[in-house]
Amino acid sequence: MKPGKKRLSLEAAHDRWGWFFVAPGIAFFSIFSFYPIINAFYTSFFNKKLLSLKAPKFIGLLNYEKVLTSPDFWNSLRATAVFTVGAFVPLFVLSLLFAVLIISRKKFQGSLQMALYSPAVLSSVVAALIWLLIFDPRGLANQAVNFVANTPGIDHKWLADQTMVQVSTIIVYVWKYVGYFTILFVTGISKIPQSVNEAALIDGATPVQRFFRITLPLLRPTTVLVSVMILIQCLKTFSTQYLFTQRGASLGPINVLTLNIYNTALRDGNMGRASVMSVLLFMVMLALSWLQLRVSRSGEGDQ
Amino acid sequence: MKGQAGYSRIKSLPGSVLVWAILIACCLVVVVPLLFMAGASLMPAGDIMKMPYSWIPKTWRWQNFYNGLAGNDGTWLYLRNIANSLFVSLSVAFSTVALSAMVGYGLAKFNFKGKNVVFMAIMATMMIPFETVMVPLYLIVVKLHMQNTYWGLIVPFLMNAFGVFLMRQYFITFPTEILDAARIDGASEISIFTKIVFKNSGPAAATLAILAFRQQWDNLLWPLLVTQSEEMKTIPAYIVKFAAEKSADEGIMMAVAVIASIPVFILFFSLSKYFLGGAAVYSAGKE
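Same order as they appear, the protein sequences are chains L and Y.
FYI, the numbering for the first sequence is 1 to 303, going by the numbering used here.
FYI, the numbering for the second sequence is 304 to 590, going by the numbering used here.
Hint data in this document are derived by calculation from the structure and do not stem from the laboratory.
Some chain Y residues close to chain L (C-beta under 10 Å, calculated; not the full set):
no., residue
1, I327
2, M352
3, P355
4, G407
5, K418
6, A540
7, I542
8, A563
9, S564
A few chain L residues that don't get close to chain Y, going by computed Cβ distances all over 12 Å:
no., residue
10, K57
11, S70
12, P71
13, V82
Computed from a predicted structure; not experimentally measured.
Heads up, the beta-carbon is just placed ideally off N, CA and C, and yes, glycines get one too.
The shape of chain Y in the complex, shown without the other chains (with noise of 0.2 Å):
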């Protein structure tokens, strides 16, 4: 295994094919409960808790579907809550990405008084956790009588500082010379801004975008404290209500989890790179 050519690879047969052993049974094992789910999905309850357990449906059963989305008692508020699900995560992508851009841009491209204590102040605040303000911020939403809406769900999400943070580190190579040109030619900043700025920034907003939206897709604690009616909640929240009732049928119940799943799963197969991109970017900007 050592003295020969090659960067800190194991090059020896025996060596090598032990580690695609272990990488290819590790990665099993990993994606075996996500095969479980897709599975149990399509079965009856009876040979979900079946030993020996079989991992192909004996019976087909695409109704778990349908009673997944009608729910329990027939009143489809699963579809709603998908709904709310929906349109709070892309509300949220959508404000995360506009907000921080304008920020980010005012921070890169800017030298006005103070900019430095203003990034630094921003900065500041990735060091507070939501969970940790989470109680002052459900008072705030009920001084403002947002519990219960859209706008209580959505509003203190609107932007976060690493979003400013990786704008800002995006816009900083971009060549001042266009803006200064666009300026001669009497544009003005904010056209600046929307028209040459803000449309060169895909690939740090395709990032941003996805990953406020899986925030959102996945938040389960601020939909719990500022929603009292079923029709307000989402998925995270219906998943837990439905799984808490004793009578929950499996099956429906991973046919819920599945529904909840195909979203992010299809950004997740169609933009893996921003996914795995975005882990490493977002890691960077801890740095």
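Isolated chain L (complex conformation) (with noise of 0.2 Å):
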């Protein structure tokens, strides 16, 4: 019994060390992570200015009732509504095609990876800078599409209309990530059980019956990860509309909640207000990541 004892103690006088380890980490996410998104939720009921010396004033749920009837707000929501949709159905149709479309190639996969990857290495602005100059009214973009319609010196006005300056800033997003969302898929499918394929190869399935029938199905954990993924990633998308808009573009069409946020914050020092927008912004995404959640669990309930 005694010796038994003593382990223990000693394992306890070990197991404590556990802690020496663990608290830089407790430490930093309680206070760069727990406390700010508590403190959000705070001054959104506070009438908090970035500048202003007096203390900021409890005004209960006005901020929210300023930001859900302004119409600047809406706007927002349309126009990151409008990217988020817009760059998820190409991003999510485009590299599940490339991923199924490198997996069927013997030779080359890693090469093809790394070509349609290599965008995704360039900072956000350098790849906002390079579109900004292709879809320069003299530019490439121009070009392209006349060359391809046959409509020759049309301007097609990729960053001064209200609809082509959305139209461009997905162009640009899904140019940036496609690669990243091939190499998850391929991943994805490479974990599929080789078995099956063959199986239903020998019963003599087409490749399209195969791709609907076996890899679409048991792809599915994947396809629910990339498709929240690519949702999550695009509502926090900045820096191309941010640059845009710096070059002249109007802001009104890609005002994206995270670009509002900013501005709201910073140049209206409305720290009240732009909290608000962070809280709805957060209650989106956590939905989101549960909804995530949820269809993962439910995936492995069924098997």
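Using the hints, put the two chains back together into the complex; each one sits in its own frame.
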């Protein structure tokens, strides 16, 4: 009994070292994650101005009322939704298609992935800057489209037109991230056991049948994960829109939520209202993450 | 196409040619803007905005790079901003690896009370995107008088939950017998961590370091918030300011973009497996 007891106390002493190693993490995440998110909720109920010396006043739900009744906020919500949906569909479809095609190749799988991934290496600002020149009235975008559509000399107003500028930001984003999500799909598809596919081959299934009946259903954990990652990624978009507006594109059509939060906080100094928008953005993202957890859990239950 | 051996491969010749054609065409479309950037960085502005566009520079304008570094007003501010980006990104990469390894090790190899609560709490912070807490973070930085300093740029990114998760997963498989043997030999817990555990965290540390470096290299929003003076800006903020000037020369603009991309492309071509692997690992962490 005695040696056992001694070992136990030794182990307890040893386990206390766990606290020592974990302590920096507890301190860091308390200060830079938990405190700020609580503070965002708290500030959203106060009349807090960035440069004001007066103590912020509690104003209840007034900030929420102001934000939810302002056309500016609803426009941002619309811009964010348009961007998110507009980027989600091509990103999802193209990256899945590329992954399936790459997996079907015997050779050069690595090189193909590297080529598609290469734009993701760039900074977002650099990516937007390259496209800024391509979208110039005299730039490559007009030349390419006019060449394909055989409509010489037409300016498609990539940055000047209210609708086109939204399309342009989406193109930049899809271009930059398609390779990244292709790699995620390639990893997911290569995890599917080959025996299932071989059995289907023996039964004479066509490649299209195999894709819809085998690959897609078995890929569900990856498709759910990638979908949510794309959505969350799109909700956070900032650099492209910021650079485009700084170069003179009109703010309205591409005033996404993050850009609006930035402008409300820094340009207007209205911390209360910026916090309200942060809280609302947080709720949406939390809901998405929760959805992802739920769907992936229920998927496990099925098997 | 059907009934042939082989896994999900299209074996017929026309089918195969078609797939290759699609793949090569798409890869070209993806790579072309990068080639455009490289080519345009060596052209006079008049040649870039010309129809039809010629891909190879007619006159090689190396001067663009000199002008890009010197800036429109010849203050060489860009050099200072590049140094800022390098310093901030390297510091964050280093501290993320060191601190995440420490916390990950504590969570992987010790059985203290409340360990699971700590682990779950840290994982929960992954649900808090930076964009939703940037306003309160900014207020914290203002309160700590870290505005417009390297501290302000670095401290909020000293470590992250994903890093802790990655290191913990990595250390769980580390043989406990080796740690116990070192303890019997009288090694202190700290030296066990630094000399045995941390030294063997190579691949996970490299993946994490590259991820952290790139995130800061790309970061625009936070430096815009916390820096006021031009000297403290980082590359992305400099580029926006440079491009926003109406008189900016397009060739020099692309030279500035190329300069900003060189470090990450060197990393990419020398350590591509950590880039591509990192993407997969990152998604696994969220799964």
